[in-house]
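Each chain, letter by letter, is given below.
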Amino acid sequence: MKLRRGTKEAAALLMALSLALTACGGGDNKENAPSGSASPGGDGASSPAAGEAVELGVTWWGPDARHEATKAALDIYTKQNPNVKFKPEFMAWDAFWQKLPTLVASKSVPDVLQMDAAYIQDYVSRGVMEDLSDIDLTGIVPDNILENVKIDGKLYGIPLSHNAQGLAYNKPDLEAAGIELPKQGWTWEEYFQWARDAKKKLPEDKYPIGDPANAWDWFQWYQASQGKGAIMSDGGKTFNLDKDLFVKFHDELNALRQEKVLPPPDTSLAFLENDPQADPMASGKVMTRGATVGSVAALEQLMPGKVAVVNVPNGPSGGGWAQSTIFLGVSATSKHKEEAKKFVKWFITDSEGGKALGLTRGIPINEAIYKELEPTLEAKDKISKALADVAAEKAMPFYSAGPGFTEWVDFYKTTMEAVMFGQKSVEDAYDEINKLGQDIAAKQK
Amino acid sequence: MTARSARRRAKKRIDWSGYVFISPWLVGFLLLTLWPIGQSFYLSFTDYSLLSEPVWVGLDNYARMFGSDPTFRKSLSVTFAFVLFSVPLKLLFSLLVAMLLSRNLRGMNAYRTAIYFPSLIGGSIAVAALWRNMFGKDGYVNHVLAWFGIEGTGWISNPDTALGTLILLNTWQFGSTMVIFLAGLKQIPQELYESASVDGANPVRKFFHITLPMLSPVMFFNLILGIIGSFQMFTASFVITPRGGPMQSTYVYAVFLYEKAFKHYQMGYASALAWILLVIVAVLTVLNFLASRYWVFYETDGGKSK
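Protein chains in written order, with this note's numbering: chain G, 1 to 445; chain E, 1 to 306.
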């Protein structure tokens, strides 16, 4: 009897203990969340002097350099405006676009968020973005750019920088091989011919150009340069993939692949841009590749002093694109809209903040800020600027994949890979890719 | 009356105290497991982009899967091929290594640790990146092959070899399976081997007539876990052959599901895919349990299963 009582007590003690332990473990998680979100209130109580204390959530994507620069800029803002504190959340591109929809679904989008041209229409149409048209940006952002980025006549994101698409090439290697350098303003015909000529002077395992068959945007540039405009337009409701141009473009690529001017497909698919070993250009295997203002800076760091730039091959309507593609917007559900609007304007106007941010989001949209930065630019910044300049000459608008078309982009890639490996004809590929595009467009109506 | 209700209350309190004790787990289970599962079942009948409210579409998602989505069939066939080859290979290989490691040699613990180690890190992104470089067109594997005058292909960028390479990686992560086999081997009574030796049985015979039957419950356990694990294979396909690449030759079901949910924002369709995966794995497990009657031997049954 006594023994039984003893074991009972011991058992009860053990259970209570384990309960206490697990409760602690669970409590940690549960308590953290509310205390985190409650902290602005707490802060406000402890520092009532500086007017209305607010905490703004800020989220963006980007590489490490951008994270550090942005955090420094936020600190500067807090120093200038002691009542505003920030709760920054930053991540890589993929993670950002995975997380944002869940934040929208749970109605907890941070007050200030970075936006991309490829997605902004989608989010505006879902009512996520606050209308910022009343922010006065005269003299800060050129009027034509401002008009260009408006959606249905309203401004939903402050454009942050100039972005552009061009072509980077390996200058010293081309010169060493005695190959004529790419010519600014070249046409697609000249581009393909240049590749054929260059291949004759290159060793067997080096290639003048990469294989763009599975990248939908290359064909978009081609189609637009020939005057046939966007593949996806009208908010994803219209789909226009020009059959004649598609067949012509991909037949030419097939021919180049057979002539070994393009790398074999298993080499092409192993390339990984901006990876030190696997980047097509940094690995020394391919002499040219497509680059944007941001990516050309990364490339320059991988192969210092070797990168030069030229514009994307032209057609009658132009070549490549130049436009603002990164925006800063305010959440429609923000509780501190006025403070958030004040901050996004500050982000492109303050010279101290501008210095901290540097060129981490491309060439600053605000000419005054860029002029201040100019004397301090590094090689990677200069090549970015050079790319923006060469691209601007004949630039066309930026055509993004329409809302709901990410699936189509992936389908284009895999279908064209089958063509690259010779397992599918260009005509069949066109039919399949066109059908899916038409289906998606029909669904959006 | 009051006495009875008091007693009833007392009785009730006793009932509830148990639940109170398990409440930390129970609350977690209900909120974080059961509720999301129920939610996903509901969502599988909707069109839900995360950005707007779900719209009820009935069986449309399931109809699309079986009717008009070639990617569904493609990913399913890739996954089945992966399971079909990787599970037996891994079982065979880990049993082999377990047999080697069950011997009593000096320093065996060091060998065991060294051999088990890869599986601790095998599923990680870092190792996936390492494999990507090793099996690339200019990777070490092709360098070694070049010594013998063989020109290798881009193992992971060629649609003919990519899945095979991933199966190899999966086999290499044999550690946990091997440890379970090792424990199973240690459980087999030595007397059986001794008496077999007295009767003049050779090692091969001993293996097939003692080791395999005695190990069959462990084998069964590893088989079930292996099948479930292989159906959920994700990291390798996502990282080594980015997003199930070249030409979707490694586009396994989990990657397909993930992309539908978080890249194409088709939560409803992705939920339906998840439920179909559950059904497939459940059916295979039941089939395995049924089949196990014919080949799994439990000592406690006194050989009844034979």
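Among these hints, one or two may not hold up.
Unchecked claim - Each computed EDC-like pair below joins lysine to aspartate or glutamate, with the alpha-carbon atoms no more than 20 Å apart: (1) K260/G / D47/E; (2) K87/G / D75/G; (3) K445/G / E53/E; (4) K443/G / D138/E; (5) K443/G / D69/E; (6) K87/G / E55/G; (7) K206/G / D160/E; (8) K99/G / D69/E; (9) K443/G / D60/E; (10) K74/E / D410/G; (11) K413/G / D69/E; (12) K263/E / E55/G; (13) K435/G / D69/E; (14) K263/E / D75/G; (15) K413/G / E53/E.
What the hints contain is simulated information worked out from the structure, not anything from laboratory work.
Enumerated hints in conflict with the structure, sorted upward: Hints 1, 4, 7, 8, 12, 14 and 15 are the ones this structure does not satisfy, whereas the remaining hints hold.
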